[in-house]
Each structure stands twice: as structure tokens, then as C-alpha cells.
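Now for the letters of each chain:
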Amino acid sequence: MGVADMKIGKEGDQLVTHALGSCLGLMVYDPVIRIGGLLHAMLPLAKINEEKARTNPYMFVDVGVPELFHQLYDLGGQKNRLIVKAAGCGKPLGDNEAFRIGERNFTVLKKLLWKNNILLESEDVGGTFSRTVFFDLLTGRTTIRSNGQETEL
Amino acid sequence: MNEKDKKKIFSQVQNFPSMSGAAAKLLALLDDPDTTPGQIEEVVRYEPSLTANILKLSNSAYFGLPTKVGSVKQAIILLGWKRVTQVVMTSCVSALMAKPIVGYELPAGELWRHSIGVSIAAEMLVKELKLQSAHEVYTAALLHDLGKLILGSFVKSELSVIEAKAADGIAFDEAERLVLGMDHAEVGAEILKSWSLPAEVIEIVRWHHDPGRAVKPTVGIDIVHVANVLCLTMGIGIGREGLRVELSPMVTARLGLKPAVLEIVASQTLQWVDELRDMFKK
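Sequence lines, in order, name chains A and B. Per our numbering, the very first residue in the first sequence carries number 1; after that it's consecutive. Per our numbering, the very first residue in the second sequence carries number 1001; after that it's consecutive.
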């Protein structure tokens, strides 16, 4: 799946997203009914381009994340069972306010989760590497490939 | 610094394929204000794939017009010289940049996607910042990473040394310079010199990572510098280099860059990039 995209899957599926730079990769899994969703959102807030947000809500963290949860609820996912993991949100070298897109993506995510009493199980965010996420919906296992290394999230 | 590598790199620059004959002829014609649409059509007539690409691009939403373009002549009249030059360059570069790039670990088509992404983002930035900028910005953005085509195999063979240097928190292009004696921006500029491209284009390519070292700072250099970093943060052509690029605070201050401008440009760029990429996939 590409940038500004979301996929929902079930047991037997593997969801993969490549090249997370400053974008947020969010993995949500219900281990009982074995369904999950992966969101690859690019920007923090939809208000920057509301027309785009209407045609593609997955571009933005503030509308894409609730959409992911709602779709999982519609399929029988239960909030108290959901396992939530985050990856991406990197930043170029140097300290530049305008380029803190990744940090802002992660901040908006944390606020949303906090408001809804949802905990983040684990995260691999920040830094200057590109990340690829492999999300296995049989086990909920999430693997991150980054700079030639693979780690489990 | 590795003098042996540098020598090998220069010899590859000398042996690098020249721009296609038709493209070179067209660019020369497009530079001449006395050229007629008929002359352009004459060159393109014998290049079926170039004709097809000119028509496809002219009918794309990004370059597009409200009326459907059916002939090259019509495309020239309706789009104008500047746009047609860009369309020709876009078409020529697509063939060159379609293959996977080793070393930088870019899969097939990704360097091309990054190149058009930076071109589109650069144009959008010029528009959003209400700047005066010459048409070479698009062409230079399209060609800014050409050097990776040569440097990739050198990066691959020295990857562990480059990674060790970059681990100290320096930019990837700086690590290239320290280990190989040259970075991809310099290699790209050397190729474009051998193609006899305009000096403005060469300068933008040469300094797109290091605008502070340009003798004469230009809006074009600043814009492509920022557009490149923006596309990398969006994951467009990010590869092994990652986000290990140094953003010049001088440039962002000079442009008065605000987060909102970057985000608007990012939100618009993605759609155009995917549209143009899909067009060339067929």
C-alpha cells in the first residue's frame, strides 16, 4: 500500500507499507477475531487541505486514525482488545521548525489516543531512517525493516 | 578521500549516454524564439514513443488543458513553449531513471517518481511562496539526482564505510564525499555539463544539497533544496539515504518557509506524482 492509504485485513493477510519518512504508520489489531488495519498517513491535520481530506481522509492523522478504528469496530473489533502500535514520524537532520512534520504527526496521534483512553503498545518513531512495516494479521506480529535491519515492534 | 574511485567515477561520466538525439534537437529548437510548431512536429514525427508521451502528458491533469490534445502541434500551441519543454524532458528522463538504483536501494521506478515529485513540489512551492522563478527550476528538479545513476554502484561497494561515517550524524551526501571523494550532486552536474545544459540548471543540480556553497545563490537552488527534502519526508524516493539530509536554515529563513506552506504543497504533490507515474507504467 502507498502513502496516504489504509488497508483492513483478516487472519492470513499481511499488510505491508514501504518508505515511511515523516509519515505515520499505525497498526491496530484485534487478537481475538484476528482482524487489523494499517494506516499510512502523511500530514497531521486535515484543515490544511479540506478538499483533499474529503477525497482521501487517510492522508491526515486526525481524520485517518478515527476512520481506521471505526472500520475495525464495524467488523466486530472491540476497543478493550485492540493492540495499537506506531512507526515512522522521522525528521531530516538539523533543527527546522517547518520540517517537524513527523513530530507533529506523532503528537496528533498521541492526543487522539489519550482523549479516547487508548494506550500505545509500542512505537518505533523519530530518527532519520526510512522504515518499511510488515503487519501479519494471523499473529498480529509487526516487523520493521529499516536500514538493512529487521526488528519486531 | 579515494582518488582511485574519483577517477573511475569521472570515466563513467565521460561514457554516460548522451541525451537522445531528438530530445537534444527539441531542446535547442525550444530555446529559439523563432521556432515554429511545424519544425517541432517534424522532429517528433519520427519518434513514436516521444510523440505518444507528449500527448499523454499534455492530456494529464497536471499539465493538462480543458480540451483534449490530439496532435503535437496542438500541444505546442495550447501548452506553450515552457510547458512543452518540460513535457519533453519528463518523457526523456522517464526512460533513463526507470531502473532500480543500487546503493541507494531504490526499487525500479522510484528515482523517476522522486524526480517528478521534486519537480512538482518545486513548482508548487514557487506558486505558494509567490516567487519569481525561471522555467529551469522544473528541468533542474527533474535531473537533480541524475548522479545517483553513476554513483549508486560505488555507494554499494563502499556502503559499510559510508554507513560508518553517516553514523556520526552527518548527511549521507557528506559521507559520500568523505568516502568516494564526490557526492551525487557533483556527479550529476558533471553529466549535465557534458550534455551542454544551461548553467542555471547545472548550478541547481550541483548545490541542491548544499545551497550555502553556491557562489551565486538563486531562488532555483533554494526551491529545489527544499522540494527534495520535502519529497523525502513524504517517502518519495527515500531509500537508503533516508532522511539523512541537512536542511539549510539559511534557505528556510530566506524563503520564509512556514509549516503550513510545506504541508499544503505536500498534500497537493502526492496526487500529481501518482498520476504521472501511473501514466508511464502502461
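These are computed hints drawn from the structure, not numbers from a lab. A few of these clues could be false.
[Stated by the list, open to error] Subject to a maximum C-alpha distance of 30 Å in a straight line, what follows is the list of computed DSBU-like cross-link-like pairs (lysine-lysine):
{"#": "1", "chain 1": "A", "residue 1": "Lys111", "chain 2": "A", "residue 2": "Lys52"}
{"#": "2", "chain 1": "B", "residue 1": "Lys1216", "chain 2": "A", "residue 2": "Lys52"}
{"#": "3", "chain 1": "B", "residue 1": "Lys1258", "chain 2": "A", "residue 2": "Lys47"}
{"#": "4", "chain 1": "A", "residue 1": "Lys47", "chain 2": "B", "residue 2": "Lys1068"}
{"#": "5", "chain 1": "B", "residue 1": "Lys1258", "chain 2": "A", "residue 2": "Lys111"}
{"#": "6", "chain 1": "B", "residue 1": "Lys1193", "chain 2": "A", "residue 2": "Lys7"}
{"#": "7", "chain 1": "B", "residue 1": "Lys1082", "chain 2": "B", "residue 2": "Lys1193"}
{"#": "8", "chain 1": "A", "residue 1": "Lys110", "chain 2": "B", "residue 2": "Lys1258"}
{"#": "9", "chain 1": "B", "residue 1": "Lys1068", "chain 2": "A", "residue 2": "Lys52"}
{"#": "10", "chain 1": "A", "residue 1": "Lys115", "chain 2": "A", "residue 2": "Lys7"}
{"#": "11", "chain 1": "B", "residue 1": "Lys1258", "chain 2": "A", "residue 2": "Lys115"}
{"#": "12", "chain 1": "B", "residue 1": "Lys1082", "chain 2": "A", "residue 2": "Lys7"}
{"#": "13", "chain 1": "B", "residue 1": "Lys1193", "chain 2": "A", "residue 2": "Lys10"}
{"#": "14", "chain 1": "B", "residue 1": "Lys1130", "chain 2": "A", "residue 2": "Lys52"}
{"#": "15", "chain 1": "B", "residue 1": "Lys1130", "chain 2": "A", "residue 2": "Lys47"}
{"#": "16", "chain 1": "B", "residue 1": "Lys1193", "chain 2": "A", "residue 2": "Lys52"}
### Task
May I ask which of the numbered hints given earlier this structure violates, with the numbers listed in increasing order?
Violated: hints 2, 4, 6, 12, 13 and 16.
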